[in-house]
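Grab the two chains, each in its own frame, and use the hints to assemble them into the complex.
Those protein sequences? They're chains A and B, same order as listed. According to numbering that gives the first Met the number 0, the stretch in the first sequence is residues 0 to 140, in order. According to numbering that gives the first Met the number 0, the stretch in the second sequence is residues 0 to 143, in order.
One or more of the hints may lead you astray.
For lysine to aspartate or glutamate, the following EDC-like pairs were computed, each having C-alpha atoms within a straight-line distance of at most 20 Å [to be verified]:
(1) K108/B to E81/A
(2) K35/A to D25/B
(3) K110/B to E122/B
(4) K29/B to E126/B
(5) K34/B to E38/A
(6) K110/B to E85/A
(7) K29/B to E38/A
(8) K34/B to D49/B
(9) K29/B to D58/B
Listing some non-contacts, in silico: residues in chain A with all C-beta distances to chain B over 12 Å [what the hints assert, rightly or not]:
(10) S13
(11) R14
(12) I17
(13) D22
(14) E27
(15) G67
(16) G91
(17) L94
(18) V103
(19) A112
(20) E128
It is worth saying that the hints were derived from the structure and are not from the lab. Model, not experiment: these values are computed from the prediction. All C-beta atoms in this analysis are idealised placements derived from N, C-alpha and C, irrespective of residue type, glycine included.
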Amino acid sequence: MGRLEERVSDPLVSRDLIGRQSDEVLVEIERGAIRKFAEAVGDTTEACLRGELAPPTFPTTIRIPIPGVTYDLSRVLHGGQEYRFERPIRAGDRLRCRTRLQDVYQREGRLGAMTFLIIELEGRDENGERVFSGRSTVIVR
Amino acid sequence: MSDTVTARLITRELSAGSALPELRKDAITKLQLVKYAGASGDYNLIHTDDETARRVSLDGVIAHGMLSMAFLGQYLCWLTGPESIRRLTVRFVEMVRPGDVLTCRGRVKAKELERDGQRVTLELWTENQRAQPVTTGEAEVVIA
Chain A
0 MGRLEERVSD PLVSRDLIGR QSDEVLVEIE RGAIRKFAEA VGDTTEACLR
50 GELAPPTFPT TIRIPIPGVT YDLSRVLHGG QEYRFERPIR AGDRLRCRTR
100 LQDVYQREGR LGAMTFLIIE LEGRDENGER VFSGRSTVIV R
Chain B
0 MSDTVTARLI TRELSAGSAL PELRKDAITK LQLVKYAGAS GDYNLIHTDD
50 ETARRVSLDG VIAHGMLSMA FLGQYLCWLT GPESIRRLTV RFVEMVRPGD
100 VLTCRGRVKA KELERDGQRV TLELWTENQR AQPVTTGEAE VVIA
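Looking at chain B on its own, in the form it has when it is part of the complex (with noise of 0.2 Å):
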């Protein structure tokens, strides 16, 4: 569906470059990590061990990219509902470490109307604490 507030407002009154509303996730932790590398399969030790990190030239256990790009897939639910999303891309750009505070971010970026709808791009990114982007993207999503 994708009836949340957030997607009447894009349709209705945001324009491309418009700004989207913020969501800021809990500090990731050790134990998030741990969970995700069992929810997703990726169990690459880097992220879980920090001995193995260190054995790669990182300080410590750095977390999955894709966990960031997770963050990102909650916020389009998020913003325009679960129905509503057509494509996800994104780059990593910086890593992420335990204790980091990821906010989601974006702005949005061409609306054209369609059979079925809107279909909008929106530039989506998250950044750390320091306001550093450590994942950056773009979404497309159709609203009825």
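So that you can see chain A by itself, here it is in the shape it has in the complex (with noise of 0.2 Å):
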């Protein structure tokens, strides 16, 4: 739940940030954290357990804060996520990844108003090719 780990007062965040991007960070994927991910989930796919293969929702673990977007951890919940691939992730993969508010939008809920987040993220190899993408709704209430 929510990628961005700063702590604020105020949970909306300006629709003026739509479109503002965290900058380029080179992420090294390693076996031994692909390991200990699918061991917690469980995930007895072989070549993720070895350590060679990320399983598909490995990306999460790539949290890069775009500058400005900030809200209260405990206050948000994690609508839905997509991850789309061109390849799967392996150990030893060099991936270019930034992160970027999409769009901001306000929503009554049951709860009240809400403030919905969508933030993709992207990692591209040392080629600059794309290797996959994220797209995360986060629920402000």
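And the structure:
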């Protein structure tokens, strides 16, 4: 739940921030990190337990804050998540990753007014070819 | 690789609407949530600390939504192999608590022929021991 770890008193994120993105971060995919993730999930896929291929939700481990986009972590709900792959992520991959605030909107829900943030994550290989992308729906209540 | 038994079954025999075999996971434990917090980097204390969870009006800790999505990721790997996966999309619709037993289920939604094989759209969900869907979604796989 929640990709951005900073705590602030005001949970609402301004629409002015739409389009804002993080710096590019070089993420090295480590065999041990894959194994630890697969073990925590209880994922018995052999290539994942050996730490060779990352399980499909492994990109959740890539957490890159977007400057200016902050909220109180205990007030967020994870509404939905999507990952798309050109190929599996492998141990040893060096991925150039970036997050971007794709949209912000308000909705009335059961719990009153809520702010929805759509945050995209993208990882490219060293040649600039896209390997995966992610799209998170974060609800701030 | 997409040479699992189910991958062959999907491409050769199953059609839109066919149910897929289910994958039942062990009951979720607080220890698993602590491990998942560490492995995923999601340190939101509502998943690991009852006191924090109660402060935001929960009865106690709740599982990370991403953990139940990870179960669906495992389910997909088991069904058609980790190399086959092109997309996994989910919505988190119900809270999951320690002690809950989740079962991954799915059915074939669509199949189409492509250059590299068959592109298959699957409807997937996890449900709890009360048969309530907790995470619902869809995946696309390409089976050579």
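Do the hints match the structure? See the list:
A distance of roughly 18 Å separates the Cα atoms of K108/B and E81/A; the hinted pair therefore holds under the 20 Å criterion. Between the alpha carbons of K35/A and D25/B the distance comes to roughly 18 Å, so the proposed pair stays at or under 20 Å and holds. Between the alpha carbons of K110/B and E122/B the distance comes to roughly 12 Å, so the proposed pair stays at or under 20 Å and holds. At roughly 19 Å between alpha-carbon atoms, K29/B and E126/B fall within 20 Å of each other, so this suggested pair holds.
Proposed proximity of K34/B and E38/A is supported: the alpha carbons are some 9 Å apart, at most 20 Å. Distance hint between K110/B and E85/A is fulfilled; the C-alpha atoms sit about 19 Å from each other, no more than 20 Å. The straight-line distance between the Cα atoms of K29/B and E38/A is roughly 15 Å, inside the 20 Å bound, and the hint therefore holds. Using a Cα cut-off of 20 Å, the hinted pair K34/B and D49/B holds, with the two alpha carbons roughly 16 Å apart.
Restraint check for K29/B and D58/B: the C-alpha separation of about 14 Å stays at or below 20 Å, so the hint holds. Listed as a non-interface residue, S13/A keeps its Cβ farther than 12 Å from every Cβ of chain B; the least gap is roughly 23 Å. A cut-off of 12 Å between C-beta atoms confirms that R14/A is not in contact with chain B; the least separation is 23 Å. Non-interface call for I17/A relative to chain B: holds, since the shortest CB-CB distance, roughly 22 Å, exceeds 12 Å.
The beta carbon of D22/A sits about 18 Å from the closest Cβ of chain B, which is more than 12 Å, so the claim that it is off the interface holds. With a closest Cβ-Cβ approach of about 15 Å to chain B, E27/A is found to remain outside the 12 Å limit, as its non-interface label requires. At the 12 Å boundary, the C-beta of G67/A stays outside the reach of chain B, the nearest C-beta of that chain being 21 Å off. The Cβ of G91/A lies farther than 12 Å from every Cβ of chain B, with a closest approach of about 16 Å, so its non-interface assignment holds.
In this structure L94/A is separated from chain B by more than 12 Å, as the shortest Cβ-Cβ distance comes to about 15 Å. At roughly 19 Å from the closest C-beta of chain B, the C-beta of V103/A stays outside 12 Å, upholding its exclusion from the interface. The non-interface label for A112/A is consistent with chain B: the shortest C-beta to C-beta separation is roughly 17 Å, beyond 12 Å. In this structure E128/A is separated from chain B by more than 12 Å, as the shortest Cβ-Cβ distance comes to about 15 Å.
The earlier numbered hints are all upheld by this structure, with none contradicted.
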